[in-house]
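J.: Chain residues, written in single-letter form:
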Amino acid sequence: MKKTPLYEKHIQLNGKIIDFGGWALPVEYTGIIPEHEAVRTKAGLFDVSHMGEILVTGEDAETFLQRVLTNDISVLKDNQIAYTTMCRPDGGIIDDFLVYKYSNVEYLLVVNAANTEKDFNWLEENILEDVKVEDISAKYALLALQGPLAQNILQKTTPADLNEIEFYRFKDIKIGDIETMVSRTGYTGEDGFELYFAAEKAEEMWELLLSAGKDEGLIPAGLGARDTLRFEASLPLYGNELNENITPLEAGLGFCVKLNKDNFIGKEALAKQKEEGLKRKIIGFEMIDRGIPRSNYEIFAEGEKIGYVTTGSYSPTLKKNLGLALIDSDYTKIGTEIEVLVRKKSLKAKVIKKPFYSKKYKK
Amino acid sequence: MKLLEELKYVETHEWVRVEGNKAYIGITDYAQDKLGDVVYVEVPEIGTVVEAGDQFVVLESVKAASDVYAPISGTVVEVNEELEDNPALINESPYDAWIVAIDMSMPTEVDDLLSAEEYKELCE
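Heads up: the protein sequence lines correspond to chains A and B, in order.
The first sequence begins at 1 in the working numbering and counts up one residue at a time.
The second sequence begins at 1001 in the working numbering and counts up one residue at a time.
Any given hint might turn out to be false.
To be verified - Taking lysine-lysine pairs in the BS3-like style, the calculated list, with each CA pair at most 30 angstroms apart, reads:
(1) A:K9 with B:K1002
(2) B:K1034 with A:K3
(3) B:K1002 with A:K16
Derived from the structure by calculation, the hints contain no laboratory data.
Same shape as in the complex, but just chain A:
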């Protein structure tokens, strides 16, 4: 398994290490629930150094990205970020990620770890002259400091005014003595920051942040809490809600498919799907009967299979058993009763509004 530069820290902190797409990462330290609660009420620190970073540079970088991504990045200002999908010609999602714009000749894509190589190859296959793509993942460590107290904590470590970094913006500043790219982004539904810096500074940064946040109740948080937090905020996870057989429209990501921009890969298929109407969609549901839905459990209505669970969990914040599912559009109206097959038993559930947890972003 691959190790992040913080592997030794995770071991020291008694992190339970699991294999996450080939990476040895902690699923939890003290427990998913206490870590989840810390992020919702105070703050949590996540090592997400496994994420892939792909640098795109060159005179035609913007033209190139406009062509391979579904979102319109031409509207971005320097130091602004966009969430986007990258699709196949048939509209299937290759990956979903953030695009950081330094300038119209330099962009950073922060991609799902397990998709880094696939993304890189896809970009290379579709490359334009005068554009260069580089996988620089190994050079950077990435920490996510998330929670309502994240800004208070981070502010103690830097003279830069963090109020100047707005939602989905980033800035190169110093955290302690470490040159860091700080963005106001995250994957938890809370306010917070993501910090990119040289991999060899990882332990120093980890210690610096944990000690800065000690009085505020900052604790390290693992992949388990990262998943329950993003799930409550109904943020999709590649491999669960998203894959190459699902389009961004079906996944509810229409906001990052800009059909009015010039030709891009997947445009034709997505425009056609939109015009014809969606046959299936990702919805949120709540269990009525007792039981916890899990990924790939089948969903039925009126005796017919209508889809499957993409993510299911007990929700630590709402204290309910909830799920996201990809189902037939005929059953997606809020309040519709559906049945989830849990260990051969058919359990009642109903379609509810998502996100389950209203995001507390600072905008």
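Use these hints to put chain B onto chain A, whose structure you have.
T.: Just chain B now, kept in the frame of chain A:
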């Protein structure tokens, strides 16, 4: 890892406390630690007949569902209702948090279970 001398154990990480012809069954400290926070316990109905080795209880942690196997054959005669509202008892106090009690049909099966010492070796 905490172990109680007076209990019997199974390699699949259940413990058994014998009282007369009844066997109270829970999961070990080792198992609860591996599982993480338990948030839901699915138990068989009272009267269910089980054979040693049958999967008969499901424990759901935040992350996943895990099977619990009957260490002993017999009929389920009691379930711990306290766990319905407070499944976290399994994490807080695994040897008090019995899950089901079985009226044993083959009490000699107890002799095949592991002692605390034997179970400890297995976990190392």
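J.: Does each hint hold? Answer for all of them.
T.: Okay, the hints, checked on the actual structure:
Distance restraint check for A:K9 and B:K1002: the Cα-Cα separation of roughly 26 angstroms lies within the 30 angstroms cut-off, and the hinted pair is therefore satisfied. Annotation: proposed proximity of B:K1034 to A:K3 holds, straight-line Cα distance about 21 angstroms (limit 30 angstroms). Straight-line distance between C-alpha atoms of B:K1002 and A:K16 comes to about 18 angstroms, which keeps the hinted pair within the 30 angstroms bound.
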